[in-house]
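Going down the list, the protein sequences come from chains A and B. Under our numbering, the first residue of the first sequence is numbered 1, with each subsequent residue one higher. Under our numbering, the first residue of the second sequence is numbered 1, with each subsequent residue one higher.
Don't read these hints as lab results, they were simulated from the structure. Worth double-checking, as some hints may not be accurate.
A pair counts as met if it fits within one copy or between any two copies, since identical chains are not told apart.
[Said to hold, decoys possible] Listed next, the in silico SDA-like pairs over lysine to any residue satisfying Cα-Cα at most 20 Å (straight line):
#, residue 1, residue 2
1, K217, W306
2, K12, L264
3, K12, S247
4, K249, I6
5, K217, I135
Chain by chain, the residues:
Protein chains: 2
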Amino acid sequence: MLLIPISDLVAKLRRRGARSVALQFPAGLARQAPGTAAALRREGFDVIVSGDPCYGGCDLALDALQYADVLVHFGHAPVEERSNVIYEPVRFDFDVAVLERALPDLHSRRIGLVTTIQHLHLIGAMVAFLREHGIEAIVAPGDQRTPIPGQVLGCNFAAARATGADEILFVGTGVFHPIGIHLATRSRVVALDPFTGEVQEVDADRLIRRRAAVMEKARDASSFGVIVSTKSGQRRMDLARRLVALSDKAVLVAMREVSPAEMLDLGFAAYVNTACPRLAYDDQIRFPVPVLTPPEFEILCGARAWDDYTIDEYLAP
Amino acid sequence: MLLIPISDLVAKLRRRGARSVALQFPAGLARQAPGTAAALRREGFDVIVSGDPCYGGCDLALDALQYADVLVHFGHAPVEERSNVIYEPVRFDFDVAVLERALPDLHSRRIGLVTTIQHLHLIGAMVAFLREHGIEAIVAPGDQRTPIPGQVLGCNFAAARATGADEILFVGTGVFHPIGIHLATRSRVVALDPFTGEVQEVDADRLIRRRAAVMEKARDASSFGVIVSTKSGQRRMDLARRLVALSDKAVLVAMREVSPAEMLDLGFAAYVNTACPRLAYDDQIRFPVPVLTPPEFEILCGARAWDDYTIDEYLAP
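Just chain A, with the same shape it has in the complex (with noise of 0.2 Å):
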């Protein structure tokens, strides 16, 4: 059965005049990809579909899109606007009235509300629900990377930032959002997950403890890979440029897949991690040497100090 709503699919296509159609699918959503594709071709349409991994907005296709007059990008929100890129997110709803749940663990009566892209259509919802229960919820525009309210990525908490708020509500799963705006931020950060109902508040001092352990291993590093993605919305070029210039043991490394095979068999004896900026904090069990983040080899080489440690963020430039 297909997910994807193929006449509203091909409208937009008509309307742009389209021919021949890229599709990109992340992980979750691939399975679509046969059914999609021959029922695009069903109607007249050239189709190529692309078969690389995919984890977020920041990974377009363009390779696909050579062939093709639009690449169509399911499953994420756009970090950056392409005038032949078509976005379309996917929506995961819930009752809001699971909010509920959360009100106890809110001390504040004025609070900053940040969300997923999943959720973001349950915005207005979740502030108004908020308003009946005497809290007002501050919901602001990230930057260019997050440009609609409340929205945060794993690598941008920019709209949690932008509420100028003291404590956070976050509505999402997994503990790795909410962790990254406490640090971000340093704002108290209560955690919802609309679909367990569980409510917690985060506590960052598991991976700081954890983080510190990995910068250990890597202070007596002979040599030091510094990552630099070519992804299409990864490329910190001169973010990696600078971090190599704080050592002479750093080297540039141009990677599409940040991969523990590849790593062993260049033999770097650490990497420092430009690209997505979750992949040292969530892989480091899958990879075989130290993978420290940018702020961290900078504590390294003595051009930041450790009390400044913070999360890497990848904001619009």
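Given chain A, put chain B in place with the hints provided.
Below, chain B without anything else, positioned relative to chain A:
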């Protein structure tokens, strides 16, 4: 210890006026990356190492080259000339007297002689050795993807075909190249491994039986993803489009790394591979579903007779 002769390379780079250099190594040489990069950095060059997997001269690190004046590609000969790429193949020596082992198996006094890039510097010595033993060895240039006389690739046997000989001696490791030569030329092929001294007349029957079984499994597939590579020297888009036109069930799939995980995610019931021809032959065991070669898909679609079964070659256009 560095295997790469830095001083020669530095001289070449200085002659070109290069100030920044991208380095690309196949997996077997990748451990040379940190040392080579550090040595070039000491000589005053800005260096960027490509960290993506690389299996041939058909896979140039054009992403890394965006940030450098010149790309140095180690380990392979050119399949295409580009003004800003320096190819640094590696040579593996052996004593040509090992060819004596092949003499009892050669039926003709006039044979074709081919080898792979690592041993091409010995081809003159091999011809001389054979001449001393009463055998005339014909060495011919292939096409533009294998311009050096006597050179075959795993995807290109033009230099074997060009000898016009009914009997061909292949000097190198493995059976893939000689089986490919046999299928591509229908000549008798004797393979000599120059390191073990092992000699065999190759036989394609087992490969053909195995491939017939894969084709049988793909016969009733509900959908076919026709893989087209986005690597520099593997883009057979015209072929891929021709194959898609053969079946309503076929859709183009653009891929950089042809990987089991992505095949499974995308969920096509079978694939047709127009990327590196060796993938279907060598890696079927890693793939979750049948992966056909272009001639095999043509047979399945009735566009080619089974008697015309042939190996998938990537010849110069």
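Hints and how they fare:
{"no.": "1", "hint": "K217 / W306", "result": "within (16 Å within a copy, 60 Å between copies)"}
{"no.": "2", "hint": "K12 / L264", "result": "neither (45 Å within a copy, 29 Å between copies)"}
{"no.": "3", "hint": "K12 / S247", "result": "neither (50 Å within a copy, 27 Å between copies)"}
{"no.": "4", "hint": "K249 / I6", "result": "between (52 Å within a copy, 18 Å between copies)"}
{"no.": "5", "hint": "K217 / I135", "result": "neither (46 Å within a copy, 62 Å between copies)"}
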